[in-house]
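Student: Could you build all of it, start to finish, from the sequences and the hints given here?
4 protein chains.
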Amino acid sequence: MLGIEGERLGSIFGKMFRVTTFGESHNLGVGVVVEGTPAGIPLSVRDIQKELERRRPGRTVISSPRKELDRVEILSGVFEGKTIGTPIAMLIRNVDVNSRPYEAIKDRPRPGHADLTYFLKYGHVDWRGGGRASGRETVARVAAGAVAKKFLSEHGIEVLGHTVEAAGIKVEKEVGFEEIKKYSDKNSMRCADPEVARRMERAVLAVAKEGDSTGGIVEVRAIGVPPGLGDPIFDKLDAEIAHAMMSIGAIKAVEIGAGTKFARMRGSEANDPITIEGGKITISTNNSGGILGGISVGAPIIVRLTVKPTPSISLPQHTVNIRKMKETMIELKGRFDPNICPRVVPVAEAMLAIVLADHMLRSGKAKPDRVGG
Amino acid sequence: MLGIEGERLGSIFGKMFRVTTFGESHNLGVGVVVEGTPAGIPLSVRDIQKELERRRPGRTVISSPRKELDRVEILSGVFEGKTIGTPIAMLIRNVDVNSRPYEAIKDRPRPGHADLTYFLKYGHVDWRGGGRASGRETVARVAAGAVAKKFLSEHGIEVLGHTVEAAGIKVEKEVGFEEIKKYSDKNSMRCADPEVARRMERAVLAVAKEGDSTGGIVEVRAIGVPPGLGDPIFDKLDAEIAHAMMSIGAIKAVEIGAGTKFARMRGSEANDPITIEGGKITISTNNSGGILGGISVGAPIIVRLTVKPTPSISLPQHTVNIRKMKETMIELKGRFDPNICPRVVPVAEAMLAIVLADHMLRSGKAKPDRVGG
Amino acid sequence: MLGIEGERLGSIFGKMFRVTTFGESHNLGVGVVVEGTPAGIPLSVRDIQKELERRRPGRTVISSPRKELDRVEILSGVFEGKTIGTPIAMLIRNVDVNSRPYEAIKDRPRPGHADLTYFLKYGHVDWRGGGRASGRETVARVAAGAVAKKFLSEHGIEVLGHTVEAAGIKVEKEVGFEEIKKYSDKNSMRCADPEVARRMERAVLAVAKEGDSTGGIVEVRAIGVPPGLGDPIFDKLDAEIAHAMMSIGAIKAVEIGAGTKFARMRGSEANDPITIEGGKITISTNNSGGILGGISVGAPIIVRLTVKPTPSISLPQHTVNIRKMKETMIELKGRFDPNICPRVVPVAEAMLAIVLADHMLRSGKAKPDRVGG
Amino acid sequence: MLGIEGERLGSIFGKMFRVTTFGESHNLGVGVVVEGTPAGIPLSVRDIQKELERRRPGRTVISSPRKELDRVEILSGVFEGKTIGTPIAMLIRNVDVNSRPYEAIKDRPRPGHADLTYFLKYGHVDWRGGGRASGRETVARVAAGAVAKKFLSEHGIEVLGHTVEAAGIKVEKEVGFEEIKKYSDKNSMRCADPEVARRMERAVLAVAKEGDSTGGIVEVRAIGVPPGLGDPIFDKLDAEIAHAMMSIGAIKAVEIGAGTKFARMRGSEANDPITIEGGKITISTNNSGGILGGISVGAPIIVRLTVKPTPSISLPQHTVNIRKMKETMIELKGRFDPNICPRVVPVAEAMLAIVLADHMLRSGKAKPDRVGG
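Protein chains in written order, with the working numbering: chain A, 1 to 373; chain B, 1 to 373; chain C, 1 to 373; chain D, 1 to 373.
Fair warning: there could be bad hints in the mix.
Said to hold, decoys possible - List of simulated lysine-lysine pairs, DSS-like, C-alpha gap at most 30 Å:
1) A/Lys106 to C/Lys106
2) B/Lys170 to A/Lys173
3) C/Lys280 to D/Lys15
4) C/Lys106 to A/Lys82
5) D/Lys365 to C/Lys326
6) B/Lys367 to D/Lys365
7) C/Lys367 to B/Lys367
8) D/Lys106 to A/Lys150
9) D/Lys261 to C/Lys261
10) C/Lys280 to D/Lys261
11) A/Lys106 to B/Lys280
12) B/Lys170 to A/Lys324
13) C/Lys209 to D/Lys261
Unchecked claim - Going by beta-carbon spacing under 8 Å, a handful of chain B positions derived as facing chain D:
14) Leu9
15) Thr20
16) Glu24
17) Asn27
18) Leu28
19) Gly29
20) Gly31
21) Gly36
22) Arg71
23) Leu75
24) Phe79
25) Pro87
26) Ala89
27) Leu91
28) Val95
29) Lys170
It is worth saying that the hints were derived from the structure and are not from the lab.
Please read all numbers here as calculations on a predicted model, not as lab measurements.
Glycine included, each C-beta is placed from N, C-alpha and C at the ideal position.
Tutor: This is the structure:
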């Protein structure tokens, strides 16, 4: 049987904007139920589809060729092109579920993958491609994020991400939100600097040719966020953002604002001076990444994520045959994403959008019962 | 009145090991209710007190002189020196609640503090020392963490933290768990390398003399953690650790295992080879920080936290008078922690212990109903 | 637009066996995601369909003629006829969504319906048939309940309900679980006493002929329930059962065991004597309905529900035109369920099964990670 | 040791008005943390004390002579006589913890008590008086309820309960809210009809003289409740009220409005006609008990609770010696409440107040961040 016994719980996120995901990578499909969206928000299949396209593989030289048509069907919560306040259920059916490539590795957990821990926890390896642990699960997150983005856009909030480093190639210059918007979706690396993007792609492909993979750093920003989002103590806005981001498989570090740079700063540089702009109290620099004491200050939210190299590589690796309990080697066949950063971007955007949507409702900044026109 | 209107919610953390904190920095005291601890675990006031001592200020040249006696009173859940399975309530009464030092800054939010966002969210500044936003709140976390540690120790799990970087001074050599245990509590910086500790202290004090503060990096490790802790999708072990850690005021970055280093690694270096040791399947390196696919692998859990420089400095800073709505300067009087790393360590240990205790119960590795002898 | 703005939240139930419902009565369909089912449990479309059939209208003289084919599609969580431990998503598409009958009552809330409160809360009446407030929503509950029943059957637990009173006609004699099983599904009233069933049907139809409706009492029992289900204080088993049952629209009273009869008992009659049967400690009578101190005792769980008369009747009733804000009359056209008891039975069974499944997992009596053969 | 191993969880109730209880009947004391109370609400020790007095035993001929001074200490959340929006922690220390009376029954669970199920679940009987299962735990509920009542009173909502039946003696005439207020606290039975109260007392004492106990019915009402409280599907207002009420140990049935009477009504009598009063849409009768479709309609909330006879009686009863596993008899010494109705009243009021406070916040009818004057 499909070896993902007991992969249970963990599928619900959020308090007032609640996301419930379902589905497997090698079964009928994946989907999500989004509860808490106010009524009257224009929402079409196209709004969702557009975001799904951005994470879909097989589109560039950088991403694996798995064919995923990723057609979303809206099952509930929308009527005559508008949300009606009820849970929005969406389904994306699987198309390419050929699991033969996985047969070979059935008894040998792939290093860097969830295979090993799923085996240790549930007593098996899901040799069919990770089941719920598969990157395929993020389709549901992106669909939910698309709803969150529409909701946020009604309040003037925009969420956008881009790759700031990959395979050792960095974006050095400061890029503004408009640049990110203009360029990041135009290249295979989803990088806001076209020239750097080309170098990133070259570096990524060079390593790929050796059968190896590379990591990088993705940055996600939100603008138009009002002050006052976030609750005290354990429910701080940055705490929930860190939770949401670290729940993405490939992420191993989350930084808010200046992040790790704070370690070498002095208080006098680190503290953002408080000032008045256009009659509003705000900060004149943004080391804090828009969050102080766990609550948004009104400046852009800035989050940086470290993306580990794709664990799937074709070089031979040390592993263990879990049936025979003996050490062995594994060589993965087929082609994999040599660098996952560009595909992490829309997923990270989705998670930030979901957290912000939740806090817009929790803080009362958005009326949950708003009646749509 | 004490200006912390509406600082509500956010005070409960955990699913099966649930922590509810209460109390204010300038009122009667702070406390916590810990629900879910199995019965029969030896627990004394001394166990709690020992941990409280480690975070208490006024003990070294590095920490602020505020006198906090921090005597804990156990109100429930313990009988004849053992837990009885019921909620464990603990109270630590405040002693030094002199709020005069804060009077001066009443209308001027301190840069880098929660003052500004609390004002923007709740319409006031808690000029009495941060109320729930105060570092004082972490006393409750440490008390709860002490209970979690005792519970974990029953299962052979140990949690320990140390300062690996402060004021630009780094611990370069690899330090083992035993070294951390032996040295970190012996010096003012809580650093596992005594020689580096001395240099850290010097560097911290040099900057302090200029009226400025410094940041650093704290590492927390857990050994003896069984494989299989963590749930799929949104409830991954590392996601909840990131949540817990980022909910500590001073933390601006959370890294798991190799963390940000993954950005420049290749898959072939990043992937921890899978091997067999003592008849157990495990990993031969630990870049993953003991967590794969959100589930513990059985190797040590390794978390690194970036601690921002103490926002309270005596240098003049730009701020705004929120009553007059005009820009002004602020100069903080009195003495503050010039570097908060050594005091973050016990708090970070507490949060990791709480998350692990929760997952020991959620995963069924620890029987919630165990009958004590 | 479909007037159900802000009908949000409230769609998730359970802690370890979690049910998320979605869908509307006059849109594409209704569905549910069931999270927490252990893996390896045989589950087929037929298992679900069988239960849906039992609540489907248009099957007897007692139920409304609305055509609902209620074909369930399993979207996830099942593979090769077995659960795989992942969330089980199910969709039931609507067929008969003709909303014309409702047009007439657009501005006039129907007495006894949610129309009025939905208007007062959300500023509108869902004149299309109640949206989420519609009885149609219970299809999702029954589908989830079918999964819970299969899970419980693996542990020897059976849940069964029947009508014990309707239109003033009562089942006087004691009926055993086997009788209920044998007869209750064989008649239009779902009554375990065939002779009484006939009299109930006559009485119900007589009142129906006058354009009026009747109420009754439904009893639900669970046998094979192990001792020890239920948590202390606020999470008592009977408290959560009461919550689950009272969340069914038509229910206005919930009784456990002897229920209201306790009011006139003496302690000496009310207390169930404790005895030993087959080497097991148990109770020799069951006034407690199988629950003491909020925890199951191992005896059958017995719950009685008072079902209010169907609010939809064809007699003229006093209401208000909410646009013109003036009192008026309303006469509902079409045919409605003259007595809803027989259709409440499968819904009540589903809710009891869901609560018991949740507690089987929460109490550790059922292993969440059980690997299916 | 104190035998209440693993009596864990279950101690937190509510979503935005969250109550966490702690403490044991035969240990230091009991307490509660109330989170979510808006700031600026006048709250004094006297407000809490007043309610505790109403539930305190040893005050009338009807209640057990156990001396509980029940002095509350407010540990946090209040400053200068006003709530400050932070969690309100309260502690009531135990005074009379003489456990000798219980020694005798150590190995013999008392029929009708939680003793048996706690033994079956946790492997022991708490022979020291029920620990968390003890009626003592309700002190914490009443303290939390007192806070909820103060909060509700700020919004013109009043909650009041009374005994409508005891030992077979019923209040026959309709009593209004003012009568309840005027008379119910004036007599030992907490009955709104003084003459009936006397007959109730006589009947209760007559049975008590025989060493037996009696049950009854308690009614709780809330006036001034705005329309719109309650969420759809599983979070209906009446569902959460039923949950809260059934979590009180002695309660075995919960009725909303006409409750069980609905079983014999016709739709034409049951449906409350909709009308206009003072420019407001409302209902002209109140069979619904103020709740339609799970949402408040603006009419008084009416809840009826069946209270089972006090299980502690001095007549000999059949039980089992759990050590020797053999049937035996038990005779309880000492004096117990012959009828618990009058003491259930303040507890039931507290639970209703807590649920309403939670929904006032969840519905946005009460601003959580309101700044106190």
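Student: The structure should be examined with respect to each hint, and the outcome stated for every one.
Tutor: Taking the hints in turn, this is what the structure says about them:
no.: 1; hint: A/Lys106 to C/Lys106; in the structure: violated (60 Å)
no.: 2; hint: B/Lys170 to A/Lys173; in the structure: holds (28 Å)
no.: 3; hint: C/Lys280 to D/Lys15; in the structure: violated (40 Å)
no.: 4; hint: C/Lys106 to A/Lys82; in the structure: holds (20 Å)
no.: 5; hint: D/Lys365 to C/Lys326; in the structure: holds (26 Å)
no.: 6; hint: B/Lys367 to D/Lys365; in the structure: violated (42 Å)
no.: 7; hint: C/Lys367 to B/Lys367; in the structure: holds (13 Å)
no.: 8; hint: D/Lys106 to A/Lys150; in the structure: violated (63 Å)
no.: 9; hint: D/Lys261 to C/Lys261; in the structure: holds (14 Å)
no.: 10; hint: C/Lys280 to D/Lys261; in the structure: violated (39 Å)
no.: 11; hint: A/Lys106 to B/Lys280; in the structure: holds (19 Å)
no.: 12; hint: B/Lys170 to A/Lys324; in the structure: violated (44 Å)
no.: 13; hint: C/Lys209 to D/Lys261; in the structure: holds (22 Å)
no.: 14; hint: Leu9; in the structure: holds (6 Å)
no.: 15; hint: Thr20; in the structure: holds (4 Å)
no.: 16; hint: Glu24; in the structure: holds (6 Å)
no.: 17; hint: Asn27; in the structure: holds (6 Å)
no.: 18; hint: Leu28; in the structure: holds (6 Å)
no.: 19; hint: Gly29; in the structure: holds (7 Å)
no.: 20; hint: Gly31; in the structure: holds (6 Å)
no.: 21; hint: Gly36; in the structure: holds (5 Å)
no.: 22; hint: Arg71; in the structure: violated (14 Å)
no.: 23; hint: Leu75; in the structure: holds (6 Å)
no.: 24; hint: Phe79; in the structure: holds (4 Å)
no.: 25; hint: Pro87; in the structure: holds (4 Å)
no.: 26; hint: Ala89; in the structure: holds (4 Å)
no.: 27; hint: Leu91; in the structure: holds (6 Å)
no.: 28; hint: Val95; in the structure: violated (15 Å)
no.: 29; hint: Lys170; in the structure: violated (39 Å)
The structure is inconsistent with the numbered hints 1, 3, 6, 8, 10, 12, 22, 28 and 29, although it conforms to all the rest.
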